[in-house]
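Line by line, the protein sequences give chains A and B. Numbering-wise (full-length UniProt numbering), the first sequence opens with residue 1 and increments by one. Numbering-wise (full-length UniProt numbering), the second sequence opens with residue 1 and increments by one.
With a straight-line Cα cutoff of 27 Å, these simulated BS3-like cross-link-like pairs (lysine-lysine) come out:
{"id": "1", "chain 1": "B", "residue 1": "K10", "chain 2": "A", "residue 2": "K117"}
{"id": "2", "chain 1": "A", "residue 1": "K157", "chain 2": "A", "residue 2": "K53"}
{"id": "3", "chain 1": "B", "residue 1": "K89", "chain 2": "A", "residue 2": "K120"}
{"id": "4", "chain 1": "B", "residue 1": "K120", "chain 2": "A", "residue 2": "K88"}
{"id": "5", "chain 1": "B", "residue 1": "K120", "chain 2": "A", "residue 2": "K89"}
{"id": "6", "chain 1": "B", "residue 1": "K131", "chain 2": "A", "residue 2": "K46"}
{"id": "7", "chain 1": "B", "residue 1": "K117", "chain 2": "A", "residue 2": "K10"}
{"id": "8", "chain 1": "B", "residue 1": "K188", "chain 2": "A", "residue 2": "K64"}
{"id": "9", "chain 1": "A", "residue 1": "K120", "chain 2": "B", "residue 2": "K10"}
Keep in mind that the hints were calculated from the coordinates and are not lab data.
Protein chains: 2
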Amino acid sequence: MYPQILAHIKTYVHLDAHEEQLLCDTLELIKLKKKQFLLEPGKLCKGNYFVLKGCLRLYIVNNKLHEQILQFGLENWWIADQDSLLNKKPSACYIQTIEECEMLLLTEHNKLLLFEKIPKLESYFLIMMHKALVASQRRIGFIFNMNDEERYRYFAKLFPEFLQRVPQYMLASYLGFTPQFMSRLRAKKI
Amino acid sequence: MYPQILAHIKTYVHLDAHEEQLLCDTLELIKLKKKQFLLEPGKLCKGNYFVLKGCLRLYIVNNKLHEQILQFGLENWWIADQDSLLNKKPSACYIQTIEECEMLLLTEHNKLLLFEKIPKLESYFLIMMHKALVASQRRIGFIFNMNDEERYRYFAKLFPEFLQRVPQYMLASYLGFTPQFMSRLRAKKI
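Kindly generate the complete structure, drawing on both the sequences and the hints.
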């Protein structure tokens, strides 16, 4: 049994003991060391990963061969290449651990099987998807409407612990500005 | 009955005749003239709108008092302020018609009632949400990795008809560049 994911699901929907057991029997525990890859370009994303411990990043290598971080994954977050899952096509992304990590994998195949047996899980995933969509749309708003400094301040206020946990150059990549700008910002102790 | 939305749903899940009837009885037909508002800041978004006819835009007014378009809605697309729906909070957005429009409103209240009676509708909305998330995440990738001209080319290739249908200044707003840049691009007949 994996009490951590069960507690997370319980925030949104109620599963009975039998359903909890069935879910946990279906999940696959994955342990990775620091800087290992969960997904690389050209491969199909296997499913959704629930982070039990550690921190990951999802990134692409852009036209200028820079790493562009599109998403982080922390404890109790789901991470996956949703484009690869939805369209059943090879990924264009890397998912890599930033720290030593433990994740629970729910493969696409098993997810569909579980939805038939536990319809409430479909409700849970609809809420997760809804939350991810809102986060993504808010991010587009921030990109267009805040300058670099405003974006940094906003992010720092929202996730103060995260700022201490992730290397500066990764945060710069996620926020869409250069490491040099980041260093200047930090020097000002904003 | 609304055959257009039923045909759209049929692409993803199968509803029987009784379920189709129940759904259509629940939807609310809304007709608006050009430039009318479906949603304004400070109001709760009532639910999801399926566009039968016409074209709408969802936008915010940013710090510099510029209109920033975050989303368009065309025939067979759903449009809503998902942040307002998810968090049950007043919207920060406008949704306005660009042309004369007909929409079907599925209120949040009715959506939850329908999910209990027609679980397959929850599967359909999970797919819709998944598609919207992928579109939103792709857009973030484009913003970071393409310059203005590349973004315009990409969009023009993907939605050639749309380019003829929407005023230039709105497209510029959506793509995140100035109307002046847009005019120069068009003059080059790219």
